[in-house]
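Student: Input sequences plus hints: build the corresponding full structure.
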Amino acid sequence: MTTRRLLFGALILSTLCLAVGSLLRGFIAGAFVALLFGALGVVSLVQRWRWLIGLLFLIFAFYSAILMLLQVPFYLPVLAVALMLITWDLEYFQERLEHIRSPETARAVQRYHFLHLFPVVAGGVLLSWIALVVHFQLRFAAALILAALVIFLLSRLVAYLAGRSTPPPQGTP
Amino acid sequence: MSGRGFFLALVIFTLLLIGLATLNGGVIALALPLVLYFTAAIYYRPSVPRLSAQRFLSTDRIFPDTPVTISLIIRNEGPSLEEIHIEDALPHGLELLQGNTELYTSLDSGQEVILEYTVRGKRGDYRFSGFRATYREGAGLFEATSPVQASHRLIVRPRPARLKPMRIRPPQTRGFAGPIPARQGGAGVDFFTVREYQSGDQQRRINWKVAARSEADLYTNVYEQERVADVGIILDAREQSYGDLPDHPLFEKVVQATASICEGYLNDGNRVGLLVYGGGIESAFPGVGKTQRQRILQVLARARPGRNFALETLRYLPTRFFPPRSQIILVSPLLQADVDVLISLRALGYAVLVISPNLLLFDAAQENKAPDPLALRLALAERALLLQKVRRAGVQVIDWNTEVPIEQISRRYSVRSLAVNPTVEASR
Numbered sequence: 001m002t003t004r005r006l007l008f009g010a011l012i013l014s015t016l017c018l019a020v021g022s023l024l025r026g027f028i029a030g031a032f033v034a035l036l037f038g039a040l041g042v043v044s045l046v047q048r049w050r051w052l053i054g055l056l057f058l059i060f061a062f063y064s065a066i067l068m069l070l071q072v073p074f075y076l077p078v079l080a081v082a083l084m085l086i087t088w089d090l091e092y093f094q095e096r097l098e099h100i101r102s103p104e105t106a107r108a109v110q111r112y113h114f115l116h117l118f119p120v121v122a123g124g125v126l127l128s129w130i131a132l133v134v135h136f137q138l139r140f141a142a143a144l145i146l147a148a149l150v151i152f153l154l155s156r157l158v159a160y161l162a163g164r165s166t167p168p169p170q171g172t173p
Numbered sequence: 001m002s003g004r005g006f007f008l009a010l011v012i013f014t015l016l017l018i019g020l021a022t023l024n025g026g027v028i029a030l031a032l033p034l035v036l037y038f039t040a041a042i043y044y045r046p047s048v049p050r051l052s053a054q055r056f057l058s059t060d061r062i063f064p065d066t067p068v069t070i071s072l073i074i075r076n077e078g079p080s081l082e083e084i085h086i087e088d089a090l091p092h093g094l095e096l097l098q099g100n101t102e103l104y105t106s107l108d109s110g111q112e113v114i115l116e117y118t119v120r121g122k123r124g125d126y127r128f129s130g131f132r133a134t135y136r137e138g139a140g141l142f143e144a145t146s147p148v149q150a151s152h153r154l155i156v157r158p159r160p161a162r163l164k165p166m167r168i169r170p171p172q173t174r175g176f177a178g179p180i181p182a183r184q185g186g187a188g189v190d191f192f193t194v195r196e197y198q199s200g201d202q203q204r205r206i207n208w209k210v211a212a213r214s215e216a217d218l219y220t221n222v223y224e225q226e227r228v229a230d231v232g233i234i235l236d237a238r239e240q241s242y243g244d245l246p247d248h249p250l251f252e253k254v255v256q257a258t259a260s261i262c263e264g265y266l267n268d269g270n271r272v273g274l275l276v277y278g279g280g281i282e283s284a285f286p287g288v289g290k291t292q293r294q295r296i297l298q299v300l301a302r303a304r305p306g307r308n309f310a311l312e313t314l315r316y317l318p319t320r321f322f323p324p325r326s327q328i329i330l331v332s333p334l335l336q337a338d339v340d341v342l343i344s345l346r347a348l349g350y351a352v353l354v355i356s357p358n359l360l361l362f363d364a365a366q367e368n369k370a371p372d373p374l375a376l377r378l379a380l381a382e383r384a385l386l387l388q389k390v391r392r393a394g395v396q397v398i399d400w401n402t403e404v405p406i407e408q409i410s411r412r413y414s415v416r417s418l419a420v421n422p423t424v425e426a427s428r
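Line by line, the protein sequences are chains A and B.
Each step along the first sequence adds one to the number in the numbering used here, with nothing skipped, and position 150 is 150.
Each step along the second sequence adds one to the number in the numbering used here, with nothing skipped, and position 347 is 347.
Hints listed in this document are in silico derivations from the structure and should not be mistaken for laboratory results.
Any given hint could turn out to be false.
To be verified - Incomplete in silico selection of chain B near chain A, CB under 10 Å:
1. 12
2. 24
3. 36
Each residue gets a CB set at the ideal place from its N, CA and C atoms; glycine is no exception.
Tutor: Next up, the structure:
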């Protein structure tokens, strides 16, 4: 039930972010279109049209990019994308959750999922905020060192992931 | 990576491309929550789950449409799994009655979970091989699938009807007492011959009428011994015998009838063997008793009409499968080319009984297959001619209109007097 409420809440809030962003720039038709897509999203959640939720995610991301180009306050498109990401994730999660027969297991899986999802999305929003608010000048040498550091860290990450890559499937465990 | 992973990558690249094309850092910053989400999914990328499983069936030999409960006990032999999708493969032909063949759950290390469901099915030999376990990280962007073995077999056997076996007279019988006339004098019920009185003969067996005609000698009635015999049953499973249809509904009736016939002869103590001749040759070697019944029903459970160019005619029938001078019962709609083979079987010394389900009448009775009356008449005349040819070779033939149950046919042909010359009666 919590998942369902969060799912609808995230979609409605995401739609509102886009509509308010459009209204702030006087783009009334845009706000209307955003609300229309939001309503379509609600219908698709009720009707379980999973493919449409995916399509709306893409449309919302694209529309957020347009709002960003229109110089709308940055937190609105960022929040719209983050909330739509939550909608897209929870819609898929809810379907799997319905197949779990034991209520205790369902609650445990739900808690575990939320503990992973929300910090990651919050972290993403924070990163975007830092990227858009904090401005600093870098010298070329500093940028070069930073780039080298990033490449090194990335290669370490790849090596780490390769180390825990999946072994070949066994026929009989 | 799953389809969702590719989709998310598409959204991220769309935002990055728009940002680069418009030289707008804000748009690129929009992609950051998605990038972090994707990175977290990579971090929690699953490894192949290590599971062991055992499958239990409430019973593994059933009759059609009997419900069977299948329990699958799955144990996690590896690290804890947050969310696992178990999908059991139901063999084609089984119908799910209760429960679910899929299960989403979380499994701690060493924990067990039970997947239970009820199925039923038509006649067949169903093999459960294993199931598929898919482990996904929370976002569902990456998944690892592993097949897990949990084999079992469910045999849905045809349900034999209780019937009185048709009277047969094989040239040779076995040593034990039974219901089949042995063509030898001795203790029995049917009159066999008269011989001169020998000391020790029972007085009530003296044939006084014959003795009255003789001046000095007495004569004794001799009765025909009744023994058990070897009965070889051949089920024709050639696709062309059933109008070239691999799933002709008549075949089910024929299998059912064959099961009933086998059961009837086995219950009388005969040694019964079965040969299914069609896409291949499947057999149950001649035997007696309940074990043999199980073997025969198991072979019949697997029987399917099939096409094999090497076995298009009965010419390659493995006659050595049947003991010499035994009784052969062929259950077949019969094809023109089969006549010669039946004649040669008679020449080899076998007694042959053909139970021929009438495919023409069966098809004509189907609602959507009503043929032209004249065409049906001609086809029936052709069939009658074919059966006449077989009868002339000394083969007993029962032309079975499948609208009449096999029990009724069997009752009609189990009458003792027909055993003298069943060919005449069958041809009426």
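Student: At a threshold of 10 Å, is the proposed contact between residue 36 of chain B and chain A supported by beta-carbon distances?
Tutor: At 4 Å from the nearest chain A Cβ, residue 36 of chain B passes the 10 Å test, so the hint holds.
Student: Quick one, is the residue 24 of chain B hint okay against chain A at 10 Å, beta carbons?
Tutor: Residue 24 of chain B check passes; min Cβ-Cβ to chain A is 6 Å, inside 10 Å.
Student: With a cut-off of 10 Å, does the beta carbon of residue 12 of chain B approach a beta carbon of chain A closely enough for the hint to hold?
Tutor: 9 Å, holds
In summary, this structure violates none of the numbered hints.
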